[in-house]
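Working from the sequences, and respecting the hints, build out all of it.
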Amino acid sequence: MVNGFFITGTDTDVGKTYVATQIIQAFRQREYSVSGFKPVASGGVWVDGRLENKDAQYMIRESNVRLPYETVNPYCFEPAIAPHLAARKVAVDIGAS
Numbered sequence: 001m002v003n004g005f006f007i008t009g010t011d012t013d014v015g016k017t018y019v020a021t022q023i024i025q026a027f028r029q030r031e032y033s034v035s036g037f038k039p040v041a042s043g044g045v046w047v048d049g050r051l052e053n054k055d056a057q058y059m060i061r062e063s064n065v066r067l068p069y070e071t072v073n074p075y076c077f078e079p080a081i082a083p084h085l086a087a088r089k090v091a092v093d094i095g096a097s
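In this note's numbering, the protein residues as written are 1 to 97.
Among the clues, some could well be false.
What the hints assert, rightly or not - Dumping the calculated DMTMM-like pairs for lysine to aspartate or glutamate here, alpha-carbon to alpha-carbon at most 25 Å: (1) Lys-16 - Asp-93; (2) Lys-54 - Asp-93; (3) Lys-89 - Asp-13; (4) Lys-89 - Glu-78; (5) Lys-89 - Glu-62; (6) Lys-89 - Asp-11; (7) Lys-54 - Glu-70.
Everything labelled a hint here was simulated from the structure, so no lab data went into it.
Keep in mind the model is a prediction, meaning the values are calculated, not measured.
Structure follows, in C-alpha cells:
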C-alpha cells in the first residue's frame, strides 16, 4: 500500500523539513517503510558533480527506504532564492505535467 503526505509552507524556514522528518521518524518507530521527498529545492551545493540540497540530504538520512538522490530531489537549483524563481533564472520548466 502506498500512501503519502505533502507538506507545504508559504515561506522558507517555516518548518517544512522539520515536520517532514518528524513524520518520517514517527513512521520508522512504528516499523513502516518510509522515505521523504524534496521535489524542488534551491540553494544547492555541488557534491560529486551534481547539485544537492541539505534538506534533501537530511530526508535521505532519516528515511529507511534508500532511493537515489535524483529520485528524492529531482529539481535542485544553485541560486538560494525561491525555487520557482531559481528555475526561471536557469530556464528550467518545473510546471506540472
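Each hint, compared with the structure:
1. Lys-16 - Asp-93: Since the Cα atoms of Lys-16 and Asp-93 sit roughly 23 Å apart, the hinted pair holds (cutoff 25 Å).
2. Lys-54 - Asp-93: Given that 25 Å is the threshold and the Cα spacing comes to 22 Å, the pair holds.
3. Lys-89 - Asp-13: holds (22 Å)
4. Lys-89 - Glu-78: This hinted pair holds, its Cα atoms lying about 10 Å apart.
5. Lys-89 - Glu-62: violated (31 Å)
6. Lys-89 - Asp-11: holds (19 Å)
7. Lys-54 - Glu-70: It holds: about 13 Å lies between the C-alpha atoms, which stays within 25 Å.
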